[in-house]
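Trainee: Work out the full structure: start from the sequences and follow the hints.
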Amino acid sequence: MKFTIAQIAAILGGKVQGDENITVDKLGKIDESNLPEGSICFLSNMKYEHYIYTTNASVVIVGENFIPKNEIKNTNLIVVKDAYSGFTQLLQEYDKIITAQTLHKKIGIENPAFVASSAVLEKNVYVGAFAYIGENTKLGENVKIFPHVYIGENVIIEANTVLYSGVKVYPNTTIGKNCIFHSGVIIGAEGFGFAPQKDGSYKNIPQLGNVIIEDDVCIGANTTVDRATIGSTILKKGVKLDNLIQVGHNVEIGEHTVIAAQVGIAGSAKIGKYCAIGGQSGIAGHIEIANKTRVGGKTGVNATITEENTTVQGYPAQSYIGFMKSSALFRKLPELNKKIEELEKKLNDSTK
Amino acid sequence: MKFTIAQIAAILGGKVQGDENITVDKLGKIDESNLPEGSICFLSNMKYEHYIYTTNASVVIVGENFIPKNEIKNTNLIVVKDAYSGFTQLLQEYDKIITAQTLHKKIGIENPAFVASSAVLEKNVYVGAFAYIGENTKLGENVKIFPHVYIGENVIIEANTVLYSGVKVYPNTTIGKNCIFHSGVIIGAEGFGFAPQKDGSYKNIPQLGNVIIEDDVCIGANTTVDRATIGSTILKKGVKLDNLIQVGHNVEIGEHTVIAAQVGIAGSAKIGKYCAIGGQSGIAGHIEIANKTRVGGKTGVNATITEENTTVQGYPAQSYIGFMKSSALFRKLPELNKKIEELEKKLNDSTK
Amino acid sequence: MKFTIAQIAAILGGKVQGDENITVDKLGKIDESNLPEGSICFLSNMKYEHYIYTTNASVVIVGENFIPKNEIKNTNLIVVKDAYSGFTQLLQEYDKIITAQTLHKKIGIENPAFVASSAVLEKNVYVGAFAYIGENTKLGENVKIFPHVYIGENVIIEANTVLYSGVKVYPNTTIGKNCIFHSGVIIGAEGFGFAPQKDGSYKNIPQLGNVIIEDDVCIGANTTVDRATIGSTILKKGVKLDNLIQVGHNVEIGEHTVIAAQVGIAGSAKIGKYCAIGGQSGIAGHIEIANKTRVGGKTGVNATITEENTTVQGYPAQSYIGFMKSSALFRKLPELNKKIEELEKKLNDSTK
Numbered sequence: 019m020k021f022t023i024a025q026i027a028a029i030l031g032g033k034v035q036g037d038e039n040i041t042v043d044k045l046g047k048i049d050e051s052n053l054p055e056g057s058i059c060f061l062s063n064m065k066y067e068h069y070i071y072t073t074n075a076s077v078v079i080v081g082e083n084f085i086p087k088n089e090i091k092n093t094n095l096i097v098v099k100d101a102y103s104g105f106t107q108l109l110q111e112y113d114k115i116i117t118a119q120t121l122h123k124k125i126g127i128e129n130p131a132f133v134a135s136s137a138v139l140e141k142n143v144y145v146g147a148f149a150y151i152g153e154n155t156k157l158g159e160n161v162k163i164f165p166h167v168y169i170g171e172n173v174i175i176e177a178n179t180v181l182y183s184g185v186k187v188y189p190n191t192t193i194g195k196n197c198i199f200h201s202g203v204i205i206g207a208e209g210f211g212f213a214p215q216k217d218g219s220y221k222n223i224p225q226l227g228n229v230i231i232e233d234d235v236c237i238g239a240n241t242t243v244d245r246a247t248i249g250s251t252i253l254k255k256g257v258k259l260d261n262l263i264q265v266g267h268n269v270e271i272g273e274h275t276v277i278a279a280q281v282g283i284a285g286s287a288k289i290g291k292y293c294a295i296g297g298q299s300g301i302a303g304h305i306e307i308a309n310k311t312r313v314g315g316k317t318g319v320n321a322t323i324t325e326e327n328t329t330v331q332g333y334p335a336q337s338y339i340g341f342m343k344s345s346a347l348f349r350k351l352p353e354l355n356k357k358i359e360e361l362e363k364k365l366n367d368s369t370k
Numbered sequence: 019m020k021f022t023i024a025q026i027a028a029i030l031g032g033k034v035q036g037d038e039n040i041t042v043d044k045l046g047k048i049d050e051s052n053l054p055e056g057s058i059c060f061l062s063n064m065k066y067e068h069y070i071y072t073t074n075a076s077v078v079i080v081g082e083n084f085i086p087k088n089e090i091k092n093t094n095l096i097v098v099k100d101a102y103s104g105f106t107q108l109l110q111e112y113d114k115i116i117t118a119q120t121l122h123k124k125i126g127i128e129n130p131a132f133v134a135s136s137a138v139l140e141k142n143v144y145v146g147a148f149a150y151i152g153e154n155t156k157l158g159e160n161v162k163i164f165p166h167v168y169i170g171e172n173v174i175i176e177a178n179t180v181l182y183s184g185v186k187v188y189p190n191t192t193i194g195k196n197c198i199f200h201s202g203v204i205i206g207a208e209g210f211g212f213a214p215q216k217d218g219s220y221k222n223i224p225q226l227g228n229v230i231i232e233d234d235v236c237i238g239a240n241t242t243v244d245r246a247t248i249g250s251t252i253l254k255k256g257v258k259l260d261n262l263i264q265v266g267h268n269v270e271i272g273e274h275t276v277i278a279a280q281v282g283i284a285g286s287a288k289i290g291k292y293c294a295i296g297g298q299s300g301i302a303g304h305i306e307i308a309n310k311t312r313v314g315g316k317t318g319v320n321a322t323i324t325e326e327n328t329t330v331q332g333y334p335a336q337s338y339i340g341f342m343k344s345s346a347l348f349r350k351l352p353e354l355n356k357k358i359e360e361l362e363k364k365l366n367d368s369t370k
Numbered sequence: 019m020k021f022t023i024a025q026i027a028a029i030l031g032g033k034v035q036g037d038e039n040i041t042v043d044k045l046g047k048i049d050e051s052n053l054p055e056g057s058i059c060f061l062s063n064m065k066y067e068h069y070i071y072t073t074n075a076s077v078v079i080v081g082e083n084f085i086p087k088n089e090i091k092n093t094n095l096i097v098v099k100d101a102y103s104g105f106t107q108l109l110q111e112y113d114k115i116i117t118a119q120t121l122h123k124k125i126g127i128e129n130p131a132f133v134a135s136s137a138v139l140e141k142n143v144y145v146g147a148f149a150y151i152g153e154n155t156k157l158g159e160n161v162k163i164f165p166h167v168y169i170g171e172n173v174i175i176e177a178n179t180v181l182y183s184g185v186k187v188y189p190n191t192t193i194g195k196n197c198i199f200h201s202g203v204i205i206g207a208e209g210f211g212f213a214p215q216k217d218g219s220y221k222n223i224p225q226l227g228n229v230i231i232e233d234d235v236c237i238g239a240n241t242t243v244d245r246a247t248i249g250s251t252i253l254k255k256g257v258k259l260d261n262l263i264q265v266g267h268n269v270e271i272g273e274h275t276v277i278a279a280q281v282g283i284a285g286s287a288k289i290g291k292y293c294a295i296g297g298q299s300g301i302a303g304h305i306e307i308a309n310k311t312r313v314g315g316k317t318g319v320n321a322t323i324t325e326e327n328t329t330v331q332g333y334p335a336q337s338y339i340g341f342m343k344s345s346a347l348f349r350k351l352p353e354l355n356k357k358i359e360e361l362e363k364k365l366n367d368s369t370k
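Residue numbers (our numbering), protein chains in the order written: chain F, 19 to 370; chain H, 19 to 370; chain X, 19 to 370.
None of these hints come from the bench; they were simulated from the model.
There may be inaccurate statements among the hints.
Put simply, identical chains are the same to the list, so a pair is met inside one copy or across any two.
Straight-line C-alpha distance at most 27 Å; calculated DSSO-like pairs for lysine-lysine [said to hold, decoys possible]:
hint, residue 1, residue 2
1, Lys291, Lys221
2, Lys156, Lys124
3, Lys99, Lys87
4, Lys255, Lys65
Predicted model, so just to flag it, every value in this text is computed and none were measured.
Mentor: Below you can see the structure in the form of structure tokens.
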């Protein structure tokens, strides 16, 4: 799609500096060396400022605070309040058009799919080829089920939710509105519970609960969410999970908490609202994490965090500042060790 | 299903205190705030005792040692030897009924499935829609293959094993009786082996071995077990693997070892029997772990452990107690550093 | 297949010591206790030398530098320049034969598959049952698509690339020649990008870019590679990824870099050529890693590495040698602490 610079400025509520009749049809990054003509990009981080004087982009979105150090001859500007927000808004507008042309056009059952006779499909549902919809399952309006998705019995999926190719949903799961699950997501597999026997072997503890996922939840590729032993594993409204995350049985994750890739959350942990958890961190079982907690990458949280709005890091987790200080000294341990040896020597010499 | 309290007490070999004719049809947890009428739960951990005086559950399973601090007016009791074991037994009985009504009823080939002409299917096998069974593959009695499972050529799966939707089994794999593989499990992909070439590039080392999985093995969602370069990668009887675990080529895991989520085991490592490995730990290649070793979460085991029945933790792994002591001092490094500086100052002052 | 020892020696350019007419039909490892007759194995690491005097293998490949300590009576030898290389060469020859008999024979579309009418399939392509090929997708000569693979719209896959069962490729991805993707690989899911809103919730940042994978790239089971926000996530020629790895949006991985299992690479990180990254390591977002960097297992790299050809380890990453020294002292922290306390006491006593 082609737009004039003037049209884009109108969408973003910005002002044009340069030729507003030039057309644009591609998104780019300002630090790309060979942006083609017709590209639009943005300048927000001033470490990239030098690119604006040489870029081939047809137009650059800049913030109203931007004062160029040199003259800009090679490109045109759209001046908005904040360059990054403006560009994000542009991405969203562009995405809306793309989505309308692709995702929204996927309607109906592609052949061959397996839809149980007791399944209920609302208006504008898409069921891709080789998808499997179990008995008594309900798919709300505009739900999009891509090829190779498996949905067991008695599952409820509310309006506008999208399950990409290869998602597996075990029976009795409940999924809210406007959710997006990427390929390879597994919802509702058995929690990891085994009762040790006298001979050292283990007997499976039946996992009779389910998973409840509220509205606006996004789950990344190959992430797994186990069902509860009894009761429910719960992802609250607006939770965002990245790829390859493990969510154990009976875990609860609070509203609008974001979790980066490869985090593991052990059984029955309860994570608050508005938390942010860094990649590859681990949360021990049966502990609680207060609202607005920030957990640094690769952290091992092994105890309940009761105070809201703190940042922790390390293995085991401690305060972020404490971790930074201790880590710096960890590097200096050989030096500290030497100092101690010297002190011992000196003291021995002086007391001889 | 509804049972009277008397019927449940009879199953568990317990005694009723209260009204034995009340019926129960739901499992619950004592700390759930709004347990519906008809719920049964248990009290084992005394930190939850206060809930027993207010719960809406119709009956609570308690141990024979339980002496209530207050009068219990609102619910009924079933008194058994040990509350937790009693509840687990109840779960198992309940699960048996559910399984008989669901899993055991899945029999026959659902359409469309792909079953090679030379494949052999014993009695009561289920092959779900869109499942793929390769040439010369044998499925034992009561094997249940869910939709979207792929089984390559020359695979043997023994009786009662269940492969949930989306499991992939490469050719020449052998799987024992009573195994459960959850969705997304990949068995037998190529081990990671590359021979460095003179120009810095790599050439694949062919992986010509297979995977052997013995009886009673459970594997969690999205876990991967690579095939051997030559010979076999082996999971012995009773091994339990959680989700998102990596098992490298030529690894051997001993009988009744349990491994938590996101653990990685590098090529040719040999893990003993009755071990327990915590989540996100890593085991280096070509090392051995003695029987009954316990590995704490997030540990990096980089050397052979020869002594049985020890507990290790840390990165790199050390004794659990040592790790705890050193970790506590890691937090105090800024303090220790200050002490050293003060000592230096003092000593300098005193020797001036 | 059976070969005489003489035939194998001819393939490897080696000399026979013993009976060159004996036939061999199995590959084995010298430390296997019950190698069947007809086995061939190799001796490279001299810690295994004692096996050569008792093995049942029909022939052992040895290097020309090998001087036996005892007389070898029980087996025959093929003497080559380097035993390990010789055996690897043998594996490769064996693999070629197997591949010709299996993979290369898979040609045509297995029923039922879904191939969009606008998709283009070159000569000798295989599309397995239940595979899905989207609109405008192009599969080059000899491309092999196994069952349950999903390929979205506008994907290009060049000659000889193999996608095993269950691989998912999102729209607009480009994949080069001679690539191998194992089961469960997900290419092109949405990058993890969310714009925080004033109320603490998040709005998805559209991910409008794609993934570009060059020639000779191998990707292990259940690894995920996210698409770029704008532009491309790029895996350069010869990259080798193990299982369960996360590659974030806009990441670039240089030629012939190898990455072990469960590594996570955050968005916009740029990794050089000829690097080797150990298992379970994490690379922070927006940083650069110089060519030929070696990263030890479980390392957390949180800052750009500018010097080529260095080795780092630890959390956070430091020089390998520094990490080893500091780790050794970490274990001794209780001892160091005691020394400091003693020094304080002594000094106090001496200054009293």
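Trainee: Starting from the hint list further up, note which numbers the structure goes against and sort them upward.
Mentor: Those not satisfied come down to hint 4.
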